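Asks: As a plain string of letters, each chain reads:
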Amino acid sequence: MSANLKAIVMPKWGLAMQEGMLAKWHIEEGAEVKPGLEVCDIETSKIANAMEASVAGRVLRRVASEGTMLPVGALLAVVGDSAASAEEVERFIAKFEEEFAAAAEERGAEEPADRKVEVGGRQINYVKLGNAEGAPIILVHGFGADLNSWMFNQPQLAESHTTYALDLPGHGQSDKKVRKGSIEEFADVLAGFMEALGIPRTHLVGQSLGGAIILKLALDHPEKVASLTLISSAGLGEDINMAYVESFIRAAGRKDLKPELEKLFADPSLVSRDMINDVLKYKRMDGVEEVLKAIAGSAFAGGKQSLLLREKLRAIKTPVQVIFGAKDQIIPARHAEGLGGNVKVKVIPEASHMPHMEAAPEVTRLILDMAKQ
Amino acid sequence: MARKLSFRNAINEALAQEMERDSSVILMGEDVSGGTGSPGETDAWGGPLGVTKGLSKRFAKQVLDTPISESGFIGAAIGAAASGLRPVAELMFVDFMGVCFDQIFNQAAKFRYMFGGKATTPVVIRCMIGGGFRAAAQHSQILYNVFTHIPGLKCVVPSSPYEAKGLLTQAIRDDDPVMFFEHKMLYDVEEEVPEGAYTIPFGEANILREGKDVTIVALGRMVMLATQAADALAREGISCEVIDPRTTSPFDADTVLDSVENTGRLVVVDEAHPRCSMATDIAALVAQEAFDALEAPIQMVTAPHTPVPFSPALEDLYLPNADKIASAVRKIRRKAAA
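Those protein sequence lines, which keep their order, are chains L and E. The working numbering puts the first sequence at residues 1013 to 1385. The working numbering puts the second sequence at residues 618 to 955.
Simulated from the structure, these hints should not be mistaken for laboratory data. Be careful, since some hints might not be right.
Taking CB as the label site, the calculated pair distances span [claimed, not checked]:
id, chain 1, residue 1, chain 2, residue 2, range
1, L, Thr1080, E, Arg620, 29 to 35 Å
2, L, Asp1268, E, Asp933, 39 to 45 Å
3, E, His766, L, Glu1109, 53 to 59 Å
4, L, Gly1079, E, Ala753, 45 to 51 Å
5, E, Ala904, L, Asp1268, 26 to 32 Å
6, L, Ser1281, E, Gly715, 47 to 53 Å
7, L, Pro1083, E, Gly701, 52 to 58 Å
As the structure is a computational prediction, the values presented were derived from the model and not from experiment. We put the beta carbon where it would ideally sit given N, CA and C, even for glycine.
Given these sequences and hints, build the entire structure.
Replies: Listed below in structure tokens is the structure:
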């Protein structure tokens, strides 16, 4: 293409996403975009989020209109040099649509990339995305969540890194068995996971309970850890919203669960029916209630976090960053204050406990910055 | 992603996992293994449509082939439930309920009430419902509405493999008599189903599509058709909320009423005949409780008030389908602002 034309397409956020709705454009035709600039809002059946450009250039044509549902990979806009003629843009669109339609027929048989590995007698489910040299990135979710909570981050991280997201024991598609449900137990499982997959050293990213788990692993096995990104992390102070933990465990139906999930987001409208249904599907599995109670009883005994690693963080040699949502309703953002040492701290104003979802592009960029060091 | 399972195998897996978990769970009915006991022949059938295939070998002591006497083995299952077992009895086609109805509506349904709450009857009666199978008038009816009318029975109408496994597991663990209605045209439908056991509580509707213009309430196989209609209508700019009540008794009135409060419009889809049905029941509920929210007449998409035809051409005309549902929605849609 002489005019250097590039496509902006419907992203794929998570394995289950097949289509998304273009909710709102943030750019006009004629505007300049560059990587990192928000292009539009995309709504999936699970969640809505802003999509950032991954290419630079002038917006020559907004192909998709607001309110339309489009399959993953469909053309949203054409970007390129302002010198491009209308005919060139038309030809580009026609060629793209033709190739997209042809590829759609092949996509039918595509298999999702998740698999299982045995760690200490338990089947651990994980998704591997990307294939790059160097230390990979491992993503560790929080209490009651699963690997899908990284759906906005993992595909972008995988463009430059090998990435793994796993389901902790008792979560997602992993075996619904824990021994004590302690952070120490999960840290051992994570070390076993790395061993089973032959990963000697990795960048670790953990959210909430997952943060305490990776921090514990880094303290026990500093040689295994290239960097730490602690998101809304446990382990940095005593406080935990125990009313949330208990209500989350107790909630049996949609009406009870919804107000709890809404606490995880600064913008509660992000909690969709599908997100609630997915969590309910998980909570209805045999063994899950026992697992969640065991974790709560072990990690949050008496309504306080039991494993406090804050002081040890000062001495740690591994590069560490701490990310919190200023509006966190589960673990207060002030746990990010006064950490000292070489800890890099970022507090995101418009986020609660899930900044990696609510401010996905920014958190993804912070993870990448860390992994580049 | 979890592996995919057919509706048929989702039911088979729920039965297997519950028999494995609890030896008081037993399975009985005509041809549930089929041929067991005759020389050289075991598990010949696994039920008329193969739902229980393989179970008689794995659970030899828990799977009983019964004589062709619904009044006999349904009564036996209810008695066994009242005295400590958790039987799952297969009535085969719901159309055969006539010969064992006393055992169900005047015995099982009444025990807890008549014995002052001291008796429980944890029996599940599975049966096949619905048309489209070219099986004519005596093997194609819906009839869940008849059982829904009777206090003391819980009535479950699963709409997909995931739903079937979780609802059947819940049914087996429930201490009351549960009628479980399997639409025979769903048996080959596949979707992701978790490998482990899980339960879906009774009396909580599932919302499959969120929408603001029209509420569609559908049951059993009609749920799939309603979502197809909703997706087609979405392309026309009509936004439908699709609700699957999952259980007709108990019934999640709140979810239906909340939705109609938002949309002001209701289409009920029910494969049963149009009179004294779930369609009329839900329409009456909404007319009574949400009248002020209604902005258009309630629409019912149902089969006509005739027996199910054997002629394939007539049967196709007889059954509700996605086009009929979409037409009903278009009839009452909110007119776009000019």
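Asks: Under the constraints set out in the numbered hints, which ones does this structure not fulfil?
Replies: none
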